[in-house]
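Asker: One-letter residues, chain by chain:
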Amino acid sequence: NAGVTQTPKFQVLKTGQSMTLQCAQDMNHEYMSWYRQDPGMGLRLIHYSVGAGITDQGEVPNGYNVSRSTTEDFPLRLLSAAPSQTSVYFCASSYPPGLNEQFFGPGTRLTVL
Amino acid sequence: SQQGEEDPQALSIQEGENATMNCSYKTSINNLQWYRQNSGRGLVHLILIRSNEREKHSGRLRVTLDTSKKSSSLLITASRAADTASYFCALPLYAGKSTFGDGTTLTVKP
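Residue numbers (the numbering used here), protein chains in the order written: chain L, 1 to 113; chain H, 1 to 110.
Only chain L is shown next, with the shape it has when bound in the complex (with noise of 0.2 Å):
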């Protein structure tokens, strides 16, 4: 199993632009999730998934929207880039009931200019 996968790994955007973060899932696992992580802090959630064609939003979901049409996908978009939107962004995914170990991608580094 590939396990949980991002792309792309690096990417510089200007102010303005709109991009998708993609994340894959081999594992069939229902509920996804976005965070993402400033320097020196830990994660907070940015949109969350309990299945295909269900999301919600968490704790920072300003300037960006998430779908899921496939249990395996869960990509974040951009709608307009923001300096502030400048981090490292991870996709997790994990099984119900919900309360178990979630497993995280490599991350996502991006830079808004």
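Worth flagging that the hints you see were computed from the coordinates, not collected in a lab.
Every residue, glycine too, gets a C-beta built ideally from N, C-alpha and C.
Certain hints may be false.
As the list claims (entries may be wrong) - Taking lysine to any residue pairs in the SDA-like style, the calculated list, with each CA pair at most 25 Å apart, reads:
#: 1; chain 1: H; residue 1: 70; chain 2: L; residue 2: 59
#: 2; chain 1: L; residue 1: 9; chain 2: H; residue 2: 84
#: 3; chain 1: L; residue 1: 9; chain 2: H; residue 2: 99
#: 4; chain 1: H; residue 1: 26; chain 2: L; residue 2: 60
#: 5; chain 1: L; residue 1: 9; chain 2: H; residue 2: 38
#: 6; chain 1: H; residue 1: 26; chain 2: L; residue 2: 100
#: 7; chain 1: H; residue 1: 26; chain 2: L; residue 2: 44
#: 8; chain 1: H; residue 1: 70; chain 2: L; residue 2: 9
#: 9; chain 1: L; residue 1: 9; chain 2: H; residue 2: 41
#: 10; chain 1: L; residue 1: 9; chain 2: H; residue 2: 45
#: 11; chain 1: L; residue 1: 9; chain 2: H; residue 2: 46
#: 12; chain 1: H; residue 1: 56; chain 2: L; residue 2: 100
#: 13; chain 1: L; residue 1: 9; chain 2: H; residue 2: 48
#: 14; chain 1: H; residue 1: 56; chain 2: L; residue 2: 96
#: 15; chain 1: H; residue 1: 69; chain 2: L; residue 2: 100
#: 16; chain 1: H; residue 1: 109; chain 2: L; residue 2: 60
#: 17; chain 1: H; residue 1: 56; chain 2: L; residue 2: 59
#: 18; chain 1: L; residue 1: 9; chain 2: H; residue 2: 102
#: 19; chain 1: H; residue 1: 70; chain 2: L; residue 2: 44
#: 20; chain 1: H; residue 1: 26; chain 2: L; residue 2: 40
#: 21; chain 1: H; residue 1: 56; chain 2: L; residue 2: 95
#: 22; chain 1: H; residue 1: 26; chain 2: L; residue 2: 9
#: 23; chain 1: L; residue 1: 9; chain 2: H; residue 2: 66
#: 24; chain 1: H; residue 1: 26; chain 2: L; residue 2: 41
#: 25; chain 1: H; residue 1: 109; chain 2: L; residue 2: 96
#: 26; chain 1: L; residue 1: 9; chain 2: H; residue 2: 105
#: 27; chain 1: L; residue 1: 9; chain 2: H; residue 2: 39
#: 28; chain 1: L; residue 1: 9; chain 2: H; residue 2: 44
#: 29; chain 1: L; residue 1: 9; chain 2: H; residue 2: 36
Said to hold, decoys possible - Far from chain H, by Cβ distances over 12 Å, these chain L residues were calculated:
#: 30; residue: 14
#: 31; residue: 16
#: 32; residue: 24
#: 33; residue: 54
#: 34; residue: 63
#: 35; residue: 77
#: 36; residue: 78
#: 37; residue: 83
#: 38; residue: 84
#: 39; residue: 85
#: 40; residue: 103
Let chain L serve as the given structure and place chain H on it in line with the hints.
Answerer: Using the frame of chain L, we list chain H on its own:
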């Protein structure tokens, strides 16, 4: 919202010494988890301790949980340079989410 707070923020020790880091939280939990993050990498799950457990071991790791004090500790025995990383406690919420503290950065000097 519920969030674990790790202490200390940073810890520097010599190889072979033990490292202890703590996590405090505010409300009741079902379980508490510890993760490791090597520089520039994603988080890796280390150990999960349930609310009805007081102590759990995994190799050189020992985790304790005191629900009356709402605190947990992670002990790494006989540390190695490869243990250099940030360590986070995580409090799982429903639907596969977790809240994370800001972590303890451990440096093990050879």
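Asker: Decide, hint by hint, whether the structure agrees.
Answerer: For each hint, the structure was consulted:
| no. | hint | verdict |
| --- | --- | --- |
| 1 | 70(H) - 59(L) | 23 Å, holds |
| 2 | 9(L) - 84(H) | 23 Å, holds |
| 3 | 9(L) - 99(H) | 24 Å, holds |
| 4 | 26(H) - 60(L) | 21 Å, holds |
| 5 | 9(L) - 38(H) | 16 Å, holds |
| 6 | 26(H) - 100(L) | 20 Å, holds |
| 7 | 26(H) - 44(L) | 18 Å, holds |
| 8 | 70(H) - 9(L) | 37 Å, violated |
| 9 | 9(L) - 41(H) | 11 Å, holds |
| 10 | 9(L) - 45(H) | 21 Å, holds |
| 11 | 9(L) - 46(H) | 24 Å, holds |
| 12 | 56(H) - 100(L) | 16 Å, holds |
| 13 | 9(L) - 48(H) | 29 Å, violated |
| 14 | 56(H) - 96(L) | 23 Å, holds |
| 15 | 69(H) - 100(L) | 23 Å, holds |
| 16 | 109(H) - 60(L) | 37 Å, violated |
| 17 | 56(H) - 59(L) | 31 Å, violated |
| 18 | 9(L) - 102(H) | 23 Å, holds |
| 19 | 70(H) - 44(L) | 22 Å, holds |
| 20 | 26(H) - 40(L) | 22 Å, holds |
| 21 | 56(H) - 95(L) | 22 Å, holds |
| 22 | 26(H) - 9(L) | 35 Å, violated |
| 23 | 9(L) - 66(H) | 39 Å, violated |
| 24 | 26(H) - 41(L) | 19 Å, holds |
| 25 | 109(H) - 96(L) | 40 Å, violated |
| 26 | 9(L) - 105(H) | 23 Å, holds |
| 27 | 9(L) - 39(H) | 14 Å, holds |
| 28 | 9(L) - 44(H) | 18 Å, holds |
| 29 | 9(L) - 36(H) | 20 Å, holds |
| 30 | 14 | 24 Å, holds |
| 31 | 16 | 28 Å, holds |
| 32 | 24 | 14 Å, holds |
| 33 | 54 | 9 Å, violated |
| 34 | 63 | 19 Å, holds |
| 35 | 77 | 20 Å, holds |
| 36 | 78 | 20 Å, holds |
| 37 | 83 | 21 Å, holds |
| 38 | 84 | 18 Å, holds |
| 39 | 85 | 19 Å, holds |
| 40 | 103 | 7 Å, violated |
Violation of the numbered hints given earlier is confined to hints 8, 13, 16, 17, 22, 23, 25, 33, 40; the remaining hints are satisfied by the structure.
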